[in-house]
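*Asks:* Chains X and U, in that order, give the protein sequences. For my numbering, add 939 to where a residue sits in the first sequence, where the first one is 1. For my numbering, add 24 to where a residue sits in the second sequence, where the first one is 1.
It is worth saying that the hints were derived from the structure and are not from the lab. Do not rely on the hints blindly, as some may be mistaken.
Pairs of lysine to any residue, SDA-like flavour, derived with a Cα cap of 20 Å [as the list claims (entries may be wrong)]:
1. X:K1114 / U:D57
2. X:K1125 / U:D57
3. X:K1114 / X:A1126
4. X:K1114 / U:A184
A few chain X residues facing chain U, derived, Cβ under 8 Å [claimed, not checked]:
5. H978
6. R1009
7. A1018
8. S1022
9. I1026
10. I1033
11. I1089
12. L1110
13. L1121
Here a beta-carbon is modelled for each residue, glycine too, at the ideal position from N, C-alpha and C.
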Amino acid sequence: MLSAADRNAAEARAALKAAIARVARGDRAALEQVYRATHRKLFGICLRILGDPKEAEDALQDVYISLWRRAASYDPDRASPISWLAIFARNRAIDRLRTGKVQRGAVPVEEAAEIADDAPAADALLEDAEQTSRIHHCIGQLDADTGSSIRNAFFEGRTYAELAEASDTPLGTMKSRIRRGLAKLKACLEQDDLEAK
Amino acid sequence: MTDHTHLAAEYALGLLEGEDLMRARGLVASDPDFAEAVARWETQLSPLLDEVPAATPRADLWPQIEAALEQGAGPAAAANVVPLQQQVTRWKWATGVTSAAAALALAFLAFPPGTSAPLPVAAQPELAAVVPIGDTALSIDLIYQPGERRMYVTAAGLEADGVHDHELWLVPPEGAAQSLGVVEPGTVKAVDLPENLAVQIGDGSQLVLTREPLGGAGPGTEAGPVVANGEFSTI
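Required output: the full structure, derived from the provided sequences and hints.
*Replies:* Shown next, in the form of structure tokens:
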């Protein structure tokens, strides 16, 4: 039996999936629906990566304009709609960091956090708790340095060279440490995949 | 893990730069298995983003996005071809100039400052990209007209070596990159792009050039090494 909360979550995901499919067919109203349902979560992600509210707003605008063009590339069989959108937003924000439009760390993370909402609200409904625990569990299996390097790369768009410099580690050492970590991570995620079947 | 499996993970995380980054982009463009591996990593990593607290942007952001879409940032706008733009295009052809860039400069002279060209032209600005060839002074120059969905590829100074061709790829931020065709050395070519490609081209769109056997990368084969890259920007 599904609980009422699970049913709500499943319905929210299905509605978002359908809206993205309509965006892909050029339905502007559907884009607004996607915006209403997801902009707070995606803005949080842009803000976390860029650190500056103004930049994060520009990035968010970018995200939905790109979504208007690329909604057709969403494959519902591969990822939940909110996972896909979250990665989509993360990649756009990181691109912005890379192209040098933004000075990294323009605003300290703590300050950015002050703008954050306290209420998780509707966006949180869309998340998939089972998936979340899986990646956390697997990163938790890595040694602390490797885990945090991988998280820094993911959240801050740090390259090998930047990670090496920040931790005063030779580049080669950093590369092999992270590669070993990624191999372990992959094995762990696949292990969990098998168990889930 | 194999070299490719590593590379897919590294690319998904954003660890790469320089040549490795170019190689990964080329593979995303040309190797469906690699693109799939990148997408799988992204899907698996994405729940990490659930821990980021939600936040509220300023209230007028949605109207601003709508306004930007109205101005032609969307797929529907590709159909808004204005007659003047067509005229300019035909005229460019008639002059038979050897460089699309020169044609553009002349087109600009046709409307000296102060005379008002119809506004819709400005609503769909043309894009240009320069893809420099190694250490040489040569480059492949591209002009793209969104309204016409037409791309001019200038490879005027280049010579064919008789063994290789060079293939141009559009590398979208999401999903597989797509071939824009093989570059013909020593020519200026106009390429009419299909809509699915056209809608992906905008300010900041990334391009890579790969070295291929004559005729370009065949379907289902891996693209050759990336030899150059460039980026479209509004002109």
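*Asks:* Quick one, is the A1018 (chain X) hint okay against chain U at 8 Å, beta carbons?
*Replies:* holds (4 Å)
*Asks:* Just to be careful: measuring from the Cβ of R1009 (chain X) to every Cβ in chain U, is the smallest value less than 8 Å?
*Replies:* holds (6 Å)
*Asks:* For a C-alpha distance cap of 20 Å, please report whether K1114 (chain X) and D57 (chain U) respect it.
*Replies:* It is violated: about 23 Å lies between the C-alpha atoms, which goes past 20 Å.
*Asks:* Does L1121 (chain X) hold up as a contact with chain U if the rule is Cβ-Cβ below 8 Å?
*Replies:* At about 4 Å, which falls below the 8 Å cut-off, the nearest Cβ of chain U leaves the hint on L1121 (chain X) intact, so it holds.
*Asks:* Hey, does the I1033 (chain X) contact hint survive, CB to chain U under 8 Å?
*Replies:* holds (6 Å)
*Asks:* Tell me if the interface restraint on L1110 (chain X) is satisfied: Cβ within less than 8 Å of some Cβ in chain U.
*Replies:* Constraint on L1110 (chain X) not satisfied, violated at 11 Å.
*Asks:* For the restraint on I1026 (chain X), tell me whether the closest CB of chain U is nearer than 8 Å.
*Replies:* Holds: closest Cβ of chain U sits about 5 Å from I1026 (chain X), inside 8 Å.
*Asks:* Holds or violated: the hint that H978 (chain X) contacts chain U, with Cβ atoms closer than 8 Å.
*Replies:* Hint holds; H978 (chain X) Cβ to chain U Cβ min 7 Å, cut 8 Å.
*Asks:* Would the hint linking K1125 (chain X) and D57 (chain U) be met if the CA-CA limit is 20 Å?
*Replies:* holds (16 Å)
*Asks:* Mind checking the alpha carbons of K1114 (chain X) and A1126 (chain X) for me, to see if they're no more than 20 Å apart?
*Replies:* holds (18 Å)
*Asks:* CA of K1114 (chain X) to CA of A184 (chain U), is that 20 Å or under?
*Replies:* violated (39 Å)
*Asks:* Against chain U, with CB atoms and a cut of 8 Å, does the hint on I1089 (chain X) hold up?
*Replies:* This hint holds: I1089 (chain X) lies near chain U, its Cβ roughly 7 Å from the closest one there, short of 8 Å.
Hint compliance for this structure: hints 1, 4, 12 are not met, and every other hint is.
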